[in-house]
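Place chain F on chain P using the hints.
Here the protein sequences come in this chain order: P and F. Its first residue numbered 1, the first sequence is counted upward by one per residue in the numbering used here. Its first residue numbered 1001, the second sequence is counted upward by one per residue in the numbering used here.
By construction, these hints were calculated from the structure, which means they are not laboratory data. There could be a bad hint or two in this list.
Going by beta-carbon spacing under 8 Å, a handful of chain P positions derived as facing chain F [to be verified]: (1) 75; (2) 80; (3) 90; (4) 91; (5) 101; (6) 126; (7) 128; (8) 131; (9) 132; (10) 138; (11) 139; (12) 152.
Note that the Cβ used here is the ideal one computed from N, Cα and C, for glycine as well.
The residues making up each chain are set out below.
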Amino acid sequence: MVLHMELLNVTKVYPSRSMETHVLRDITFNIHEGEFLCIVGPTGCGKSTLLKIIAGLEKPTSGLVKFQGEAVTEPHPKISMVFQSFALFPWRTVLQNIEFGLEVQGVPKKERREIAMEFVEMVNLKGYEHAYPKHLSGGMKQRVGIARALATDPEIVLMDEAFSAIDEFTAHTLRKEVTEIWLKTKKTFVLVTHNLEEAIELADRILVLTSTPGRVKSLVNVTLRRPRRRGTSNFLKVHRQIFRLLKEELEQSLGHHHLALHHPNLHHVGHSNYFSF
Amino acid sequence: MKLRKTLTSCLQFRRMSPPRLISKPHKLLDKILWIIPLASFFVIWEAVVRLGLLSVHAAPPPSKVVIVLLHCLGDFTFLSKVLHSFLNLTVGIFVALFIAAPLAICTGLKNRVDLTLTPTVMICGSLPDLALLPLFVYWFGPGSVAAILMAAICAFFPIYFTIREGVKEIPADYFDVSMVFKASKFDVLRKIVLPATFPNAVTGLRLAFDFVWEIVLAIEIIARVTGIGWLINFSVESGSIELAFAGIMAIGIIALTVDRLVFGTLEEKVRRWT
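Here chain P stands alone, though its shape is the one from the complex (with noise of 0.2 Å):
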């Protein structure tokens, strides 16, 4: 695989009023080109950070990002994003909506309107070219969003907890769609998630990160044979295996923050009708 994307010591340091919070703390790994490439790892360990900061949207406190062997210091032309939230324009209907990041890198009207004519098409939203997104259900409007990303012809598309709004059936078809445009248009894709057996049915590989801060924990191979399917033996074992990765990371924050477990509002909702049967 060609090397397409370079982290080199990212770390990234948050300053607060009384110390400095370390989010992400030397993080080192490449991303192949063509690769599906998944970021798991325990609540607030820096994951959307971390993706935010491969965008370009934030800069690292030390380290460096390279693309293509260049520094990575603003967003570039060929890295795209989808996000948790869609990120829609609900005054643009959904071409407005998908020709939004050709409209402001200047392609002229007649020609961005058929480049995104052909990605509602790829998304399966025909007969809703014209509509608002207030009228789209969630799974919907992720669709727009990952339309949006792919047509300004990107190399890397990011995807931030891209199917964590959507309700499960529906986020079950998004994911099998999102493999076949993978499969189809050989571009990278990075999707940051905190779904185990999401992460396991589309990745190449996944990195898994320590709990805060993040730093990298492992990065594991998925070889299973495409299309995945949840539940086969094989697919259970590399679950086993980030699992346990995971639970290592959980139980070494919950012992790091011992002492929180024991704080009197802890303790009383501990003592809650809610837990006692």
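Below, chain F alone, put in the same frame as chain P:
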């Protein structure tokens, strides 16, 4: 502070979705329902005067007022007075919009500018506009300049606060989208900030339009600036009460027409996507 409270409640009111009807709404019936209380008001008024419960000199019956008003429609002086007030008011609102909108966008986008400017704006907004009236008349004379400036000051605050609120409520993700696609600053303003705040701007203008009538009439009555307020005041002083009522009715008709035609259309446009 009081103004702010009014504004927030108005904003909240706008955000409430229209009630969902279980049965299919009767389009025509729903559109004319508002006439019922208005018509009943006029019928009761007419009856009260006709039955002699109210003196004809104090309050002429509405039928008579309507006749006077119809006569006035052919009267150049009357029409010019109405037009005068309406122009002062409209120009005032536009002056306010052109100052308030850019300022509100700046304070809405840049927290530091907001922290610097908005307290002062709030203090100025809580001052009663009427207190400035004599000063403005003293500075600019009892004419259109003073009326327009008073109207602009009155319209400024609702427009400023609603637009600022709208800008502040733009989700951060929208700006991330613009950055991912490398949109220029101008494009962000034109394609994200302006359309995103458009609904709030409509609300602000509508509030301003309601507030400004008061101040325009006040300056016409108190400082005798020419306009419909002046005419109403003059009619009452010279004893032609019907004419005063005709003037009030003309204001009502204009306010209603503008509300339905201008703001109704704008809100219809906004409702397509909100």
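Given hint residue 139/P near chain F, where the shortest CB pair must fall under 8 Å: 18 Å, violated
Taking the least C-beta to C-beta distance, is residue 126/P closer than 8 Å to chain F? Violated: closest Cβ of chain F sits about 21 Å from residue 126/P, beyond 8 Å.
Does the CB of residue 91/P sit less than 8 Å away from some CB of chain F? Constraint on residue 91/P satisfied, holds at 4 Å.
Close enough to count: is the Cβ of residue 90/P nearer than 8 Å to one in chain F? 5 Å, holds
Hint check, residue 128/P versus chain F [nearest Cβ-Cβ separation less than 8 Å]: 14 Å, violated
Interface hint check: residue 75/P, Cβ to nearest Cβ on chain F, cutoff 8 Å. Holds or violated? 5 Å, holds
Minimum Cβ distance from residue 138/P to chain F below 8 Å? Constraint on residue 138/P not satisfied, violated at 15 Å.
Residue 131/P as an interface hint toward chain F, with CB separation required under 8 Å: 10 Å, violated
Given hint residue 132/P near chain F, where the shortest CB pair must fall under 8 Å: Status holds, d = 4 Å.
Taking 8 Å as the limit, does the beta-carbon of residue 101/P come near enough to a beta-carbon in chain F? Residue 101/P check passes; min Cβ-Cβ to chain F is 4 Å, inside 8 Å.
Is the interface hint for residue 80/P satisfied, with its Cβ closer than 8 Å to some Cβ of chain F? This interface hint holds because 6 Å falls under the 8 Å limit.
Tell me if the interface restraint on residue 152/P is satisfied: Cβ within less than 8 Å of some Cβ in chain F. Status holds, d = 6 Å.
Violated hints, in rising order: 6, 7, 8, 10, 11; the structure is consistent with all others.
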